[in-house]
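Okay, here's what each chain looks like letter by letter:
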Amino acid sequence: MKHPLKVIQLYKNEAQLIKKAARENREAQHMLYELHAPKMLSVCRYYIKDVQQAEEVLLNGFFKVFTKINHFKNQGSFEGWIRRIMIREAISYLRQKKQIEFVSDEVEVFDGYANNIETQIGVSEIQGLIDDLPEGYRMVFVMYAIEGYKHNEIASLLKITEGTSKSQLFKARKLLQKQLQLLNTTSNGTN
Amino acid sequence: MAPIKFENDIKETLEQRELQPSANVWEQLEKQLDAADNNKNNKGIWWFGIAASFVGILIVSSIFFNRKGKAEIESVIVDIEAVEEPSNMDELPSSTKGEEKVEIASVGEKNPVETKKKSPIKGSVLKSELLQKQRALVKGTVKEVVVQAEVAQEKEVKEGLELKAEKLSYEDLKIQEVVAQAQALKKANSTVSDAEINALLDQAQKDISLHKLYNEATNKVDASALLRGVEADLEQSFRDKAFKAIQSGFKYVKTAVADRNN
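These protein sequence lines are chains A and B, in that order. With the numbering used here applied, the first sequence covers 1 to 191. With the numbering used here applied, the second sequence covers 1 to 262.
Derived by calculation from the structure, the hints in this document are not laboratory data. Ideal Cβ positions, reconstructed from N, Cα and C, are used throughout, including at glycine. Among the clues, some could well be false.
Claimed, not checked - Pair ranges (Cβ atoms, derived):
no., chain 1, residue 1, chain 2, residue 2, range
1, A, Gln75, B, Asp34, 26 to 34 Å
2, B, Ile63, A, Asn13, 16 to 24 Å
3, A, Asn13, B, Gln32, 19 to 27 Å
4, B, Asp34, A, Thr186, 45 to 53 Å
Model the full assembly from the supplied sequences, consistent with the hints where possible.
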């Protein structure tokens, strides 16, 4: 657990850095970049398979962060604000590359998932599983399961219907469960 | 659709991950930010330049229009000088003559009494103008002007004063006479004072007004002109009388009110 005083100090420091960065202080901008870039590259990587492309998205995202930093009104965390910019940037990047394909057929959605799958696999395997998902599945799954967006928010951001968002999530879950079971089977050697 | 367990596991695992971007990402970002700042500064400079040029145009135009106004005034002055200088060079009294001629002729045509009354005023105006002109222009070149005027005058006299006398009016002759007297004074004293010129002009004015009243050829006095002149005097005296009467009446009433209780 982080020490409360350290958290307050960090917050104060970050607030000061944001103020300085808003005045185009390059050093403050660099410090903010160093503070948040690793996490944000990870976020970009959820959506984009290629690391270099993810870095490109990160670059564009941070450029927007520093040029629009005056729009940040200290409502919510700065990290959350940057994160939203990164997600939008990733969506926009994929849309430009025309890599998003949503399967339009609506499927019956049910909650009958196996909820007892133990995930003993590492982060790289998980990222591998997500990377193997089709673009549309992946985006909806990441936005819903990891970012915590609601279906109506996902629909709005991806310019799809809520039904499509739900069906994409359903298919993504089904695929992932299947892959996880396969992984567990191969790693444990049991069925 | 509630999140299921494996999703939570995935989320927790992925949230802990951090990926260090390559060093050139910041370098590129810095370049882009520098370019953006330059663009912003350039925009600022452009706006500043536009504002500055607008202010500059305003200042220049205001100076230009002010100068134009001055130039117009100056040109008027130059015009007057241009009129005056040749008259001084050729014949000093000619301008005076012309002006006085016009004034007296125009007034004389309308009303002879008015001529009599106004002519001294006009004369004084002319005198003051003449004095100013003389002070401004003649002082420096008085000797040359006088010499040239003398030559011109002598020539005129020699060539035939009689012919001119027929053509010119009495006023013109009088003016020429005044000028001749001024020349004579100039010859005698080498300098002609303003007072002497004034005296000459006053005398000439009086002679002109007398000439209007009394026709020497017929030995007749212009009755209407004389009567109107006298009326003007009477008018003045009647006004004084009336004023005095009112004053005395007021004093009488005042004393009566003051002494009413005695």
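Structure-based check of each hint:
{"no.": "1", "hint": "A:Gln75 x B:Asp34: 26 to 34 Å", "in the structure": "30 Å, holds"}
{"no.": "2", "hint": "B:Ile63 x A:Asn13: 16 to 24 Å", "in the structure": "56 Å, violated"}
{"no.": "3", "hint": "A:Asn13 x B:Gln32: 19 to 27 Å", "in the structure": "25 Å, holds"}
{"no.": "4", "hint": "B:Asp34 x A:Thr186: 45 to 53 Å", "in the structure": "51 Å, holds"}
The structure shown violates just one earlier hint, number 2.
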